[in-house]
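> Sequence:
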Amino acid sequence: MNKSILLIPRLQIHNANALSSPHTIGFPAMTAWLGAVHALQRKLQLFDKFNNDHDELEFLSVAVVCHQINLHTHKGASDYTYSIIGTGNPLDKTGKRPSFIEEARCDLVVSLLIEYETDDDGMLEDHVNDLLQGHMKMAGGDIIKCPPVERRQLNDHADLKALMGRVMPGHCLIERRDLMKQAMETGMDAIDALLEYLKVTHKCEVDKSNNVTWVASRKEKGWIVPIATGFHGISEPGFAEHQRDSNTPHRFAESIVTLGEFVMPYRIDDIDNILWRYHTDLEQNLYLCQQCKPFNQY
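Going by my numbering, the sequence shown runs without a break in its numbering and finishes at 1164.
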């Protein structure tokens, strides 16, 4: 095993971006978490240029454990669907509400497990604590509270179980792309395959005494959810007017949505089952967040 893990425990985040893709609202996308950790690494490396406390720092992969989430939605007593709770923006000069794009937001408590490599990590915790308690954002939200980070060394199974116990109770987000693949091999398109595992089927059962019981079920057991895991390029790389970085080629892309699952940490026997890292497939124009090792214990 022999992995160095930086544990950011029970990070309280306010108004995180819950619009995880153009099609789904809920837990922030994996691209948001890996992007936040990448931004943290860049800030640490910039800090090191002037302090020389540790060199060649690299964050290799990230695991996300959700402890609590409060999605900003509302459903009235007679409503069929949920509505997004928007912000009360100031009135414009005509006395009317200004037009704005509704954004789904959520408050959540998460723990991040970051696999890292560095030549000298003596001051790593102090630097990370300073950055997280400053003006840094996570998944588009504001960090309200950040307990001190911890360094963990995983050398054997006992170290892993101690770490998993540290993030209990909670739910680790893993990828279940295998379910999508299985359904699409039967002839379904992607959206039908996604909905096949998300829909809840209600069945009526009548016993000998004519008592009616309704039973709800889903195709696959477990807490299956849609997740956004990357982007698919739909244009050739080039340069666009007013693009943010004038030195990096720009391309238009669409979000990639697949299935994921939340599992309890005590079920994890290999840390690679919950760690996510970047993966690019330039031949297929794919920019993905993928797990280091698939997880399936059913």
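Hints are computed from structural coordinates only; laboratory data are not their basis. Keep in mind that the hints are not guaranteed to be accurate.
Subject to a maximum C-alpha distance of 25 angstroms in a straight line, what follows is the list of computed DMTMM-like cross-link-like pairs (lysine to aspartate or glutamate) [as the list claims (entries may be wrong)]:
#: 1; residue 1: K869; residue 2: E1016
#: 2; residue 1: K909; residue 2: E968
#: 3; residue 1: K1027; residue 2: D1138
#: 4; residue 1: K1085; residue 2: D1044
Label-pair ranges, simulated between beta-carbon atoms [said to hold, decoys possible]:
#: 5; residue 1: S944; residue 2: E922; range: 24 to 34 angstroms
#: 6; residue 1: K1069; residue 2: E922; range: 16 to 26 angstroms
#: 7; residue 1: R1110; residue 2: Q907; range: 15 to 25 angstroms
These figures come from a predicted structure and were not determined experimentally. In this text, a Cβ means the ideal position worked out from N, Cα and C, and glycines have one as well.
> All hints are to be evaluated individually against the structure, with a verdict given for each.
Verification of the supplied hints:
For a cut-off of 25 angstroms, the pair hint linking K869 to E1016 stands: about 14 angstroms separates their Cα positions. Simply put, K909 and E968 have alpha-carbon atoms about 31 angstroms apart, too far for the 25 angstroms limit, and the pair is violated. With a C-alpha separation of about 13 angstroms, the suggested pair K1027 and D1138 falls inside the 25 angstroms cut-off, and the hint holds. This hinted pair checks out: K1085 and D1044 have alpha carbons roughly 14 angstroms apart, not beyond 25 angstroms.
A hinted range of 24 to 34 angstroms for the beta carbons of S944 and E922 is inconsistent with their spacing of about 60 angstroms. Taking 16 to 26 angstroms as the suggested C-beta distance range, the pair K1069 and E922 does not conform, at roughly 58 angstroms. Separation of R1110 from Q907 is about 19 angstroms and conforms to the stated range, judged on CB atoms against 15 to 25 angstroms.
Of the numbered hints given earlier, the model fails hints 2, 5 and 6; all others are met.
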